[in-house]
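Chain by chain, the residues run as shown.
Protein chains: 2
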Amino acid sequence: MIDNCLGAQRSRKIRRALRHFQVTIFCLVLTVVVLRGTIGAGKFGTPGQDFADIRDHLHLYSRKRAEPHRVLEEVQTTSSNENVGADTNAGTNNYNEFDINKILLDEESDESKRDPNVPFSLGPKISDWDEQRSRWLEENPNYPNFIGPNKPRVLLVTGSSPKPCENPVGDHYLLKSIKNKIDYCRLHGIEIFYNMALLDAEMAGFWAKLPLIRKLLLSHPEVEFLWWMDSDAMFTDMAFEVPWERYKDSNFVMHGWNEMVYDQKNWIGLNTGSFLLRNGQWALDILDAWAPMGPKGKVREEAGKVLTRELKDRPVFEADDQSAMVYLLATQREMWGDKVYLESAYYLHGYWGILVDRYEEMIENYHPGLGDHRWPLVTHFVGCKPCGKFGDYSVERCLKQMDRAFNFGDNQILQMYGFTNKALGSRRVKRVRNETGNPLEVKDELGLLHPAFKAVKIPMKETEVKNEE
Amino acid sequence: MIDNCLGAQRSRKIRRALRHFQVTIFCLVLTVVVLRGTIGAGKFGTPGQDFADIRDHLHLYSRKRAEPHRVLEEVQTTSSNENVGADTNAGTNNYNEFDINKILLDEESDESKRDPNVPFSLGPKISDWDEQRSRWLEENPNYPNFIGPNKPRVLLVTGSSPKPCENPVGDHYLLKSIKNKIDYCRLHGIEIFYNMALLDAEMAGFWAKLPLIRKLLLSHPEVEFLWWMDSDAMFTDMAFEVPWERYKDSNFVMHGWNEMVYDQKNWIGLNTGSFLLRNGQWALDILDAWAPMGPKGKVREEAGKVLTRELKDRPVFEADDQSAMVYLLATQREMWGDKVYLESAYYLHGYWGILVDRYEEMIENYHPGLGDHRWPLVTHFVGCKPCGKFGDYSVERCLKQMDRAFNFGDNQILQMYGFTNKALGSRRVKRVRNETGNPLEVKDELGLLHPAFKAVKIPMKETEVKNEE
Numbered sequence: 001m002i003d004n005c006l007g008a009q010r011s012r013k014i015r016r017a018l019r020h021f022q023v024t025i026f027c028l029v030l031t032v033v034v035l036r037g038t039i040g041a042g043k044f045g046t047p048g049q050d051f052a053d054i055r056d057h058l059h060l061y062s063r064k065r066a067e068p069h070r071v072l073e074e075v076q077t078t079s080s081n082e083n084v085g086a087d088t089n090a091g092t093n094n095y096n097e098f099d100i101n102k103i104l105l106d107e108e109s110d111e112s113k114r115d116p117n118v119p120f121s122l123g124p125k126i127s128d129w130d131e132q133r134s135r136w137l138e139e140n141p142n143y144p145n146f147i148g149p150n151k152p153r154v155l156l157v158t159g160s161s162p163k164p165c166e167n168p169v170g171d172h173y174l175l176k177s178i179k180n181k182i183d184y185c186r187l188h189g190i191e192i193f194y195n196m197a198l199l200d201a202e203m204a205g206f207w208a209k210l211p212l213i214r215k216l217l218l219s220h221p222e223v224e225f226l227w228w229m230d231s232d233a234m235f236t237d238m239a240f241e242v243p244w245e246r247y248k249d250s251n252f253v254m255h256g257w258n259e260m261v262y263d264q265k266n267w268i269g270l271n272t273g274s275f276l277l278r279n280g281q282w283a284l285d286i287l288d289a290w291a292p293m294g295p296k297g298k299v300r301e302e303a304g305k306v307l308t309r310e311l312k313d314r315p316v317f318e319a320d321d322q323s324a325m326v327y328l329l330a331t332q333r334e335m336w337g338d339k340v341y342l343e344s345a346y347y348l349h350g351y352w353g354i355l356v357d358r359y360e361e362m363i364e365n366y367h368p369g370l371g372d373h374r375w376p377l378v379t380h381f382v383g384c385k386p387c388g389k390f391g392d393y394s395v396e397r398c399l400k401q402m403d404r405a406f407n408f409g410d411n412q413i414l415q416m417y418g419f420t421n422k423a424l425g426s427r428r429v430k431r432v433r434n435e436t437g438n439p440l441e442v443k444d445e446l447g448l449l450h451p452a453f454k455a456v457k458i459p460m461k462e463t464e465v466k467n468e469e
Numbered sequence: 001m002i003d004n005c006l007g008a009q010r011s012r013k014i015r016r017a018l019r020h021f022q023v024t025i026f027c028l029v030l031t032v033v034v035l036r037g038t039i040g041a042g043k044f045g046t047p048g049q050d051f052a053d054i055r056d057h058l059h060l061y062s063r064k065r066a067e068p069h070r071v072l073e074e075v076q077t078t079s080s081n082e083n084v085g086a087d088t089n090a091g092t093n094n095y096n097e098f099d100i101n102k103i104l105l106d107e108e109s110d111e112s113k114r115d116p117n118v119p120f121s122l123g124p125k126i127s128d129w130d131e132q133r134s135r136w137l138e139e140n141p142n143y144p145n146f147i148g149p150n151k152p153r154v155l156l157v158t159g160s161s162p163k164p165c166e167n168p169v170g171d172h173y174l175l176k177s178i179k180n181k182i183d184y185c186r187l188h189g190i191e192i193f194y195n196m197a198l199l200d201a202e203m204a205g206f207w208a209k210l211p212l213i214r215k216l217l218l219s220h221p222e223v224e225f226l227w228w229m230d231s232d233a234m235f236t237d238m239a240f241e242v243p244w245e246r247y248k249d250s251n252f253v254m255h256g257w258n259e260m261v262y263d264q265k266n267w268i269g270l271n272t273g274s275f276l277l278r279n280g281q282w283a284l285d286i287l288d289a290w291a292p293m294g295p296k297g298k299v300r301e302e303a304g305k306v307l308t309r310e311l312k313d314r315p316v317f318e319a320d321d322q323s324a325m326v327y328l329l330a331t332q333r334e335m336w337g338d339k340v341y342l343e344s345a346y347y348l349h350g351y352w353g354i355l356v357d358r359y360e361e362m363i364e365n366y367h368p369g370l371g372d373h374r375w376p377l378v379t380h381f382v383g384c385k386p387c388g389k390f391g392d393y394s395v396e397r398c399l400k401q402m403d404r405a406f407n408f409g410d411n412q413i414l415q416m417y418g419f420t421n422k423a424l425g426s427r428r429v430k431r432v433r434n435e436t437g438n439p440l441e442v443k444d445e446l447g448l449l450h451p452a453f454k455a456v457k458i459p460m461k462e463t464e465v466k467n468e469e
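Respectively, the protein sequence lines represent chains R and A.
With this note's numbering, letter number 280 in the first sequence gets 280, and the count goes up by one each step, no holes.
With this note's numbering, letter number 117 in the second sequence gets 117, and the count goes up by one each step, no holes.
For reference, chain R alone in the conformation it holds in the complex (with noise of 0.2 angstroms):
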């Protein structure tokens, strides 16, 4: 039976899985190792031939695609109707009200925490902060959103559990993650937010970010673009400035494909552990907009059985979030599109397996600064899950390629002060420029030392307060 329902691949984890959980239901344990396994999805980069490469790469299952039941039919119905209304903040939403509420009315919750009949929130409906945000910008002057020509006030967030990780080398690698978005952040005048705390605890796991990022955002006006990074994903070239100019008409900025994700709804059309949103109304509504799926339990189990059936490819587990963009995109461009950017000119996301085995290539012929797949900004080695104990791919390959991203990183910061690492796979550092009596002579090869992205203007421009249509 097993062998039937899946394909060889999966027997593994299922075998795995049979020496922790007792087997009472086949395929509600099924269910279970497969959402574990495949928890923080997302692990493909780029489409046409690279896309072609991470599928050999992955060896990609598929699934048929199951029939669409009622509730499937009505949201198809709906999202056709393009009649998407401008009352977006009445929460007159389709993806909001109507799937999911239908769901909370047609099946008892089994969750003492949750009323039923109170649809899930991650806060009072705001509507008007566009307007609140413009009135503190330009009361508070010496909080400017704009810390320069170009140069947004960016927040860089993150996080992991307040436990120790079940695997006990996998805090070294949390801590290693930090170091490095430490190191990128310090160079690109960013700011970071680490953290440990559940918010929310019905929106546990990679849900979790939804009720934080809506807390900072509305916590500090100050900040124009929250950066979302994953624990699990880390800088590897230093020396890339995000493209802010590029997005000035945009508000969620994404690596992806737009045919990936409009025309084929592929539940990896997109990738959430990287993102750029812009602090602002519209924000708050695509939170609110993409919240519903989020709650553990019932709503999140059923509501990942519908993306299961509505995208392409996609596995069997709960809803994530990820999958839920793509779904909330591809049902409602109309609403939602036009200040979406994927991006697939660099790394804002870059999928480490067709990555890391190419790091010496990529030292041999180019150089930092590229961002993309010549030298990728983000490595994201989504599936590894070095923290938990169960990953999509053997430990030992993880673990050895974090190492090897994370020097490749770093060598960057070590040549600015005249070391490099003695090899991807080494701990320890050489030295490559000697001391000198004039140091402010040398200048590190990738002028990383005092970069320009960094430098403070003078005299300041005054505050620059963008207001969202």
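Bear in mind the hints are in silico, worked out from the structure with no lab data behind them.
As the list makes no split between identical chains, a pair holds if one copy fits it or if it spans any two.
With a Cα cut of at most 25 angstroms, we get these calculated SDA-like pairs of lysine to any residue:
(1) K125 with A197
(2) K163 with N411
(3) K443 with P211
(4) K151 with L137
(5) K151 with N140
(6) K296 with K422
(7) K305 with E202
(8) K400 with N167
(9) K151 with H188
(10) K296 with G418
(11) K430 with P211
(12) K400 with G388
(13) K443 with F453
(14) K125 with L449
Add chain A to chain R, keeping to what the hints say.
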């Protein structure tokens, strides 16, 4: 023999060590054990009654001072000469040349890497750093060394080993510790450098900070103050801003007491786990004067013996940077003393032993922003060593108290967003302020969301360039 040589307290450690080591020479093993057990010195924090409290608390042992041997007599004679001379730049510093070179020449070096005829050096002697730096600052007004009136540009430097901790949970505490520092520094406009590279193999362990500090000062002339902070030190007062103006005529600020250092030569008269060092020629000079006791092996061991004999209450172990600094200041007060500020008005370093049991009392009676015994700026877990295997205190007590200290500080961050930890010993948070539709009308109690000490001054004043005497 063991019990005669040491107190009963040490016997436990020796028995534990004996499980791991073969006993070839009892005293050699003893020295190694004591060395490992007491690395990371600097347990104490306050004079007078507090000092007596600490003493009782730690059940200090005392050593009968050995008869000074010839090196010591010569050192004492030379240092009492008060002929310090002006030419410190030429390296005729007593501490440097006389003591250590004599040791090197007297004994055969068994370290193949060190040529005893070549004195240890942190780098080529630089004598005009103030001039080089002034020139650079003039040419680079976009990298000012003051980022506001009375607000120097500060770089907080910390770090840990590139290897996973021997104690599996150690990395988790390093992670919490860096999150804690990220939070404080974000609020106070301070940048962070997290080091994981050993720049000089000879200056390993606690001495590793010296080459690192020198490198960072010379690479970043825009940095006015470098704030070194141990990885086992945490910020527990998020609202306290260092009184920079107080130090306008000082170059080196450490927690400590003049009488403990200059009169008593007490090895814990100051603490080098958290200190401020102003960028300039003076800093390079004191680093050069500080370094000679550091090179591992014979030099460090012999220097350790000198320090144990010369300083009050110092146990037997190899030379550590803190004892060396006490010795340096006590023997060369005229050279350095006028620029060293031993601060005891607040806890730039706060010994955890006398603080952590009082957190509830502090919450009851006081508030953040005081920085002192009522609400310590820094709680420093000296002797705990959660990353390693041998600490001076029970692992359980250390970890439990580190959790409490972390939460004590983290509560001040969480309250900004309407949350708090359920208890100092809990990992879970609870809401203490409801969400609102007018978030900008809510002020967090501590005023940490948009504190004055972080605001940008509009318009920005001209850069202030401070020239050292």
